[in-house]
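Now for the letters of each chain:
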Amino acid sequence: MKNKKKYIEIFTKSLSIDTKKFNEKIKYNDVPEWDSIGHMTLMSELEDGFDISIDTDDIIEFSSFKKGIQILKKYKVD
Amino acid sequence: MNIEKNIKLWSSLGMRATFGLIAMELSKKYPDLMITTSDVSTSAGLDRYKNKYPEKFVDVGIAEQNLIGISAGLSSEGFKVISTTFAPFQTLRCCEQIKVNLGYMKNKICMVGLASGLVLGNLGFTHCCIEDIGVLRSIPNISIVVPSDPLELFKVLSGAINYKDSVYIRLTAGSNTRIVNSKDYKFEIGKAIEILPGKDVAIIGCGNILGECLEAASILKEKKIQCSIVNMHTIKPIDKEKIKNIAKNNKLIVTVEEHNVIGGLGTSVAEVMSSDRNNCKLVRLGINDFYSSGGSYEYLKNIYGLSVEKIIQTVLSNL
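As you go down the protein sequences, you meet chains A and B in turn.
Position one of the first sequence corresponds to residue 1 (our numbering), numbered consecutively onward.
Position one of the second sequence corresponds to residue 79 (our numbering), numbered consecutively onward.
Calculated from the structure, these hints are not laboratory results.
Keep in mind it's a predicted model, so treat the numbers as computed, not measured.
Virtual Cβ for every residue (Gly too), placed ideally from N, Cα, C.
Misleading hints may appear alongside valid ones.
[Unchecked claim] Lysine-lysine pairs mimicking DSS-like chemistry, simulated, CA-CA at most 30 Å apart:
id, chain 1, residue 1, chain 2, residue 2
1, A, K66, B, K326
2, A, K76, B, K264
3, A, K67, B, K128
4, A, K73, B, K264
5, B, K359, B, K322
6, B, K299, B, K320
7, B, K177, B, K86
8, A, K74, A, K20
9, A, K74, B, K106
[Stated by the list, open to error] Interface residues of chain A toward chain B, partial, derived using beta-carbon atoms under 7 Å:
id, residue
10, T12
11, D35
12, T41
13, M43
14, S44
15, I60
16, S64
17, Q70
18, I71
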């Protein structure tokens with residue numbers, strides 16, 4: 001993924017996750033910051049950062065950092 | 079959207095984030111949709127909506143009386159309007175504006191009360207909301223719907239946006255809500271749904287507390303007691319025919335609600351039953367008309383007798 005650095009940056013910043021705590025195995029609800037409301041903020045920041053519009057089904061399925069990489073590929077964020 | 083495939087994931091998102099998602103879906107369908115808030119875009123999962131449609135999003139600040147006034151004004155100009163903030167501020171703080179602008183003048187808006195009931199108990203009873211149904215039920219021209227889970231919220235909002243009256247949509251529970259509806263189904267405002275058939279006792283509930291009711295029914299089934307569970311999602315207009323029918327066919331009805339026992343679901347059921355001939359006992363479970371100190375959601379549900387164990391105990395001691 002060419003945009004991985006940017007993805008991680010948006011991910012940690014929008015969820016206010018300490019970069020020391022972050023690892024790529026992180027899943028929804030693993031940390032208190034990634035709760036349902038944090039999830040919607042993350043989606044909003046990803047849409048802004050990559051200039052895309054994420055479908056509702058994909059927002060629901062966005063259940064982990066890794067799953068996010070797969071989903072972003074659908075929007076040509078590689 | 080593939081609703082059935084994603085029911086578990088919808089449920090993990092909870093009501094508020096689901097509301098934000100649905101707002102985006104509705105905005106595609108209704109170009110004249112306006113959403114108004116009192117400083118809660120993030121808490122309502124509306125950040126995406128605010129960013130994408132800044133011209134269709136009005137944040138009035140922490141000024142809930144203005145929230146209703148501005149929303150009613152937009153409605154009178156032909157917009158479809160959804161207003162939202164935390165339930166006590168969406169209802170009690172602006173009660174007179176709701177009465178005059180919505181009830182009396184019949185401007186139609188959908189009011190979404192976030193985090194009603196006891197879920198914000200850690201912030202104390204200033205942020206809990208156990209009175210909203212009782213207060214709004216006495217105002218004409220306003221309907222009241224309490225979705226049981228995120229899937230039902232999707233159906234409620236889609237129905238409410240084109241409903242004839244203003245609708246108050248009362249959201250309960252936090253994220254990771256219990257799944258009440260495990261598959262897709264037909265929803266209509268004012269039509270209760272039997273989600274579990276049974277012949278010994280009828281449990282009527284509304285909101286996500288129906289998850290506790292389903293768990294209690296499952297345990298009671300092991301004791302050879304078959305409970306029917308009825309999702310009375312619409313408190314006003316209440317499904318009178320369904321209640322009369324349940325009262326005719328059961329010896330015991332237990333109502334369960336995350337609201338004061340005065341003025342809410344149990345009261346509405348009692349009003350219908352008292353105007354009809356039946357031989358059925360009614361027991362109302364809910365907050366028994368007192369304020370406690372604050373506490374976690376689970377703690378408060380326990381002290382107010384809204385736990386699975388209390389529901390079971392109530393059924394056993396009244397059968």
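Consistency of the hints with the structure:
Restraint check for K66 (chain A) and K326 (chain B): the C-alpha separation of about 55 Å exceeds 30 Å, so the hint is violated. Our distance criterion of 30 Å between C-alpha atoms is broken by K76 (chain A) and K264 (chain B), whose separation comes to about 37 Å. The straight-line distance between the Cα atoms of K67 (chain A) and K128 (chain B) is roughly 26 Å, inside the 30 Å bound, and the hint therefore holds. Of the pairs offered as hints, the one joining K73 (chain A) and K264 (chain B) is violated, with about 35 Å between alpha carbons and a cut-off of 30 Å exceeded.
In summary, the hint linking K359 (chain B) to K322 (chain B) is supported, as the alpha carbons are separated by about 13 Å, within the 30 Å threshold. A threshold of 30 Å between alpha carbons decides the hint, and for K299 (chain B) with K320 (chain B) the separation of about 23 Å falls inside it, so the pair holds. For the given pair, K177 (chain B) sits about 38 Å from K86 (chain B) by alpha-carbon distance, which is inconsistent with the 30 Å threshold. Taking the CA atoms of K74 (chain A) and K20 (chain A), the gap is about 29 Å. The hint holds against a cut of 30 Å.
With a C-alpha separation of about 21 Å, the suggested pairing of K74 (chain A) with K106 (chain B) holds against the 30 Å cut-off. At about 17 Å, the closest approach between the beta carbon of T12 (chain A) and any beta carbon in chain B exceeds 7 Å, and the interface hint on this residue is violated. A hinted interface residue such as D35 (chain A) counts as satisfied when its beta carbon comes closer than 7 Å to some beta carbon of chain B; here the least separation is about 5 Å, so the hint holds. Interface restraint check: T41 (chain A) against chain B, minimum CB-CB distance 5 Å, threshold 7 Å, status holds.
The interface hint given for M43 (chain A) is met, as the beta carbon of that residue sits about 6 Å from the closest beta carbon of chain B, less than 7 Å. A hinted interface residue such as S44 (chain A) counts as satisfied when its beta carbon comes closer than 7 Å to some beta carbon of chain B; here the least separation is about 4 Å, so the hint holds. With a least beta-carbon distance of about 4 Å to chain B, the hint placing I60 (chain A) at the interface is held under the 7 Å criterion. The interface hint given for S64 (chain A) is broken, as the beta carbon of that residue sits about 12 Å from the closest beta carbon of chain B, more than 7 Å.
Violation of the interface hint for Q70 (chain A) is found here, the shortest Cβ-Cβ separation to chain B being roughly 15 Å, above the 7 Å cut-off. Proximity of I71 (chain A) to chain B is violated relative to the hint, the smallest CB-CB distance being about 13 Å (cut-off 7 Å).
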